[in-house]
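Kindly produce the complete structure, drawing on both the sequences and the hints.
Here's the letter readout for the chains.
Number of protein chains: 2
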Amino acid sequence: MKFSNRITNMQSSPIRRLVPYADKARAAGKKVYPLNIGQPDIKTPKEFFSALTSFDKEVLAYDVSQGNADLIKAIREYYKTYDMNFEQDEILITNGGSEALLFSIIATCDPGDEVLVPEPFYTNYNGFSSAVNVSVDGITTKAEEGFHLPPKEELLKKIKPNTKAVILSNPGNPTGVVYSPEELKMLVDVCVENELYIIADEVYREFVYDGLKYKSLGQFKEAEQNVIIVDSVSKRYSACGARIGSIASKNKELIAHVLKLCQGRLCVPTIEQLGAIELYKTPVSYFKEVNDEYKKRRDIVYQALQKMDGVICKEPKGAFYVAVKFPVDDAEKFIIWCLEHFDYNGETLMMAPLEGFYSTKGIGKDEARIAYVLKCEELEKAMKVLEEALKAYPGRK
Amino acid sequence: MKFSNRITNMQSSPIRRLVPYADKARAAGKKVYPLNIGQPDIKTPKEFFSALTSFDKEVLAYDVSQGNADLIKAIREYYKTYDMNFEQDEILITNGGSEALLFSIIATCDPGDEVLVPEPFYTNYNGFSSAVNVSVDGITTKAEEGFHLPPKEELLKKIKPNTKAVILSNPGNPTGVVYSPEELKMLVDVCVENELYIIADEVYREFVYDGLKYKSLGQFKEAEQNVIIVDSVSKRYSACGARIGSIASKNKELIAHVLKLCQGRLCVPTIEQLGAIELYKTPVSYFKEVNDEYKKRRDIVYQALQKMDGVICKEPKGAFYVAVKFPVDDAEKFIIWCLEHFDYNGETLMMAPLEGFYSTKGIGKDEARIAYVLKCEELEKAMKVLEEALKAYPGRK
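One line per chain: the protein sequences are U and B, in this order. Just so we're aligned, residue 1 is where the first sequence starts under UniProt numbering, counting upward by one. Just so we're aligned, residue 1 is where the second sequence starts under UniProt numbering, counting upward by one.
These are computed hints drawn from the structure, not numbers from a lab. Where hints are given, some of them may not hold.
As the list makes no split between identical chains, a pair holds if one copy fits it or if it spans any two.
[Said to hold, decoys possible] Dumping the calculated SDA-like pairs for lysine to any residue here, alpha-carbon to alpha-carbon at most 25 Å:
| no. | residue 1 | residue 2 |
| --- | --- | --- |
| 1 | 57 | 288 |
| 2 | 381 | 286 |
| 3 | 381 | 89 |
| 4 | 24 | 54 |
| 5 | 221 | 302 |
| 6 | 158 | 87 |
| 7 | 333 | 306 |
| 8 | 2 | 390 |
| 9 | 80 | 68 |
| 10 | 221 | 1 |
| 11 | 384 | 342 |
| 12 | 296 | 325 |
| 13 | 160 | 6 |
| 14 | 185 | 387 |
| 15 | 295 | 62 |
| 16 | 30 | 208 |
| 17 | 57 | 214 |
Right, dumping it as structure tokens:
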């Protein structure tokens with residue numbers, strides 16, 4: 001039996017692909033620091049769980065396809081704190097940010113069309129796109145420049161007749177970059193002038209450090225019809241397993257089209273939405289506390305990296321990732337070596353190799369992503385392990 | 001701003017499209033019997049809800065992409081009661097049967113490919129397919145023949161070089177047909193001989209009446225590599241709002257490919273899966289009770305329809321639908337007329353017009369689907385309203 005070309009060509013997740021090596025290392029008695037995956041260890045607000053028991057009907061029926069009206073209201077209130085005003089029919093609830101992304105791509109691109117994405121990028125952008133026959137062209141950004149955008153001329157050169165949208169993760173996964181208001185304005189101008197959609201993946205919106213003020217793409221009036229905001233409770237409220245995301249756009253026609261896709265899959269889980277309503281009521285103090293914790297972790301990781309010979313990275317300003325250029329022949333080989341052949345006092349670590357986060361072939365081979373989602377003490381130990389591993393690795397350049 | 005052709009061409013749900021007319025009728029003080037949508041009124045087993053509170057971790061983390069191992073085990077046990085043996089790596093948990101369908105189509109068909117589906121069919125088959133650029137060709141079945149399959153020669157004539165799969169809903173939505181073992185064997189032979197996948201939508205498997213023995217497509221050894229079973233807890237356990245479905249196939253390579261799509265969307269809700277595990281432990285007596293109730297309802301609806309002049313339908317043997325040919329110019333017009341201009345003692349009704357359930361243009365215009373998901377007393381009254389409406393409708397033929 002044959003399979004479709006689109007599924008055959010789809011790459012498996014470079015984040016999850018190395019899991020079997022980690023399992024083996026653990027089975028061999030090593031402690032493995034999981035720096036590979038963005039699963040926060042922060043407690044989910046208790047209100048989520050209590051809301052689950054508040055469901056008082058005897059039949060667990062379908063919810064409406066656009067999503068629970070109270071949840072949409074709660075999200076509207078949340079956006080107001082960022083000076084963004086969405087009407088009730090400008091937001092749709094989705095199965096995680098993942099579905100929001102997939103639906104945004106389907107609604108804006110036909111097979112053969114292209115999306116532009118600053119690379120390295122969240123690999124699932126590529127996964128979703130290729131599953132629906134849309135290609136991804138990377139706008140290369142560099143570790144040496146803190147992964148900021150290239151100048152306008154470079155962006156303009158990338159646009160082809162079949163370019164339909166730009167996907168931007170801000171703060172950036174896997175880079176931790178927070179784009180400046182000027183960079184965003186430049187991007188907005190390019191997209192408005194060229195009638196491109198901007199799919200704004202802002203799921204890490206609260207994770208911005210050093211007192212930087214966050215600018216959302218939803219705040220640019222001139223791009224109201226272009227911007228589609230993809231959002232999720234996963235990282236914001238440490239509720240990845242809830243799978244509640246959303247699409248917000250002032251482009252009502254776009255929302256009406258996406259609603260057809262929502263109707264196709266009927267609805268998002270009825271009860272999880274009740275939990276999500278409570279999440280959106282979480283007081284701002286929660287973010288402050290979480291933010292302080294992540295900043296400490298960022299500092300530990302960044303300061304340790306700074307001291308390692310030959311390691312290149314700029315201080316990341318957001319999310320909970322740092323993308324690092326290592327003095328090694330091949331980051332994937334290095335990580336597998338760490339898991340198979342190395343330990344420091346019985347400990348080793350896992351990271352996500354970055355080559356698969358680029359669409360341009362041949363770059364990123366010496367880069368990896370570190371997710372700082374472990375407690376400070378653990379991170380300190382993990383950084384020590386990394387330092388020693390780099391010294392001992394035979395493929396060091 | 002332009003949208004993709006695929007989204008522009010996607011039709012909105014013919015089941016949900018008439019909702020605004022029903023809302024208006026209700027606002028005008030009429031009671032509207034909702035016979036349009038397959039939302040069961042049967043109680044969800046309590047164990048589902050208690051399982052939600054059994055989650056005892058502080059962080060609601062991502063689950064594994066293939067789905068909770070215990071839930072997969074529970075589904076394997078369930079399938080054994082149908083003499084189907086699936087291994088742990090032959091089942092994936094999905095966001096409802098909907099996602100199982102979408103992923104099956106993506107994995108087997110490229111843009112420009114085609115799936116064959118007996119029509120009238122569940123309209124979302126068309127929705128999902130067109131969203132990913134796969135076309136649907138209907139194998140026409142008729143009310144007069146109880147919507148059974150045409151002979152093998154007819155099926156063979158339908159197969160083109162770009163035909164990749166057949167989707168079969170058994171018991172059938174919207175028709176209530178239960179295909180005979182001989183019909184299924186014929187279909188299996190056609191698909192095996194022509195290397196077509198069979199996407200078997202068996203979410204109504206337990207809803208079979210009159211002592212008929214259910215034959216699953218998963219029971220045909222010779223088609224093991226062709227059959228992909230799409231399943232869901234929605235109807236079986238009256239848990240539509242849980243959005244827990246699954247894909248099962250002995251074709252391990254297919255499962256491995258679909259797993260890449262599962263990894264793309266990360267996971268299915270962690271806690272809903274705990275509830276679903278409990279659902280699969282529901283004793284068989286539950287099905288018996290539910291089944292008896294639906295049989296009574298089926299009898300009420302079918303007997304009432306039999307007595308109405310000019311109405312054509314054979315006794316449906318499964319699911320909780322009956323597809324009916326009415327003596328009217330246009331079923332959609334008739335339904336809108338019922339909602340806008342008709343009432344019988346202050347009551348009216350809503351059904352799903354069937355034209356949108358066909359891919360062949362120009363047929364099904366005088367047909368509608370009745371979902372018998374109301375209590376017996378209500379159904380009796382609804383049938384009386386229907387009888388009177390048919391007498392009074394100006395577009396009667």
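Okay, the hints, checked on the actual structure:
Within a single copy, residue 57 and residue 288 get their C-alpha atoms only as close as 36 Å, which misses the 25 Å cut-off; across copies the closest is 23 Å, which meets it. When the C-alpha separation of residue 381 and residue 286 is checked against a cutoff of 25 Å, the pair qualifies neither within a copy, at 27 Å, nor between copies, at 54 Å. Proximity of residue 381 and residue 89 under a CA criterion of 25 Å is satisfied in neither setting, with 49 Å inside one chain copy and 36 Å between copies. Taking CA atoms no more than 25 Å apart as the test, residue 24 paired with residue 54 passes in neither setting, with 42 Å inside one copy and 31 Å between copies.
When the C-alpha separation of residue 221 and residue 302 is checked against a cutoff of 25 Å, the pair qualifies neither within a copy, at 36 Å, nor between copies, at 57 Å. Proximity of residue 158 and residue 87 under a CA criterion of 25 Å is satisfied in neither setting, with 34 Å inside one chain copy and 47 Å between copies. Proximity of residue 333 to residue 306 under the C-alpha cut-off of 25 Å is restricted to the intra-copy arrangement: shortest distance 22 Å within a copy versus 72 Å between copies. With identical chains, the CA atoms of residue 2 and residue 390 are never at most 25 Å apart, being 44 Å at best within one copy and 50 Å at best between copies.
In this assembly of identical chains, the alpha carbons of residue 80 and residue 68 lie at most 25 Å apart only when taken from the same copy (19 Å versus 37 Å across copies). Only between protomers do residue 221 and residue 1 lie at most 25 Å apart by alpha-carbon distance; the minimum there is 15 Å, versus 51 Å within a single protomer. Proximity of residue 384 to residue 342 under the C-alpha cut-off of 25 Å is restricted to the intra-copy arrangement: shortest distance 13 Å within a copy versus 78 Å between copies. Taking the shortest alpha-carbon separations for residue 296 and residue 325, only the intra-copy value of 22 Å comes in at or below 25 Å, while the best inter-copy value is 69 Å.
In this assembly of identical chains, residue 160 and residue 6 lie within 25 Å of each other by CA distance both inside one copy and across copies; the values are 22 Å within and 20 Å between. With identical chains, the CA atoms of residue 185 and residue 387 are never at most 25 Å apart, being 39 Å at best within one copy and 63 Å at best between copies. Proximity of residue 295 to residue 62 under the C-alpha cut-off of 25 Å is restricted to the inter-copy arrangement: shortest distance 23 Å between copies versus 41 Å within a copy. With identical chains, the CA atoms of residue 30 and residue 208 are never at most 25 Å apart, being 34 Å at best within one copy and 54 Å at best between copies.
For a Cα distance limit of 25 Å, the shortest separation of residue 57 from residue 214 qualifies neither inside one copy, at 41 Å, nor across copies, at 32 Å.
The structure does not agree with the numbered hints 2, 3, 4, 5, 6, 8, 14, 16 and 17 stated previously, though it agrees with the rest.
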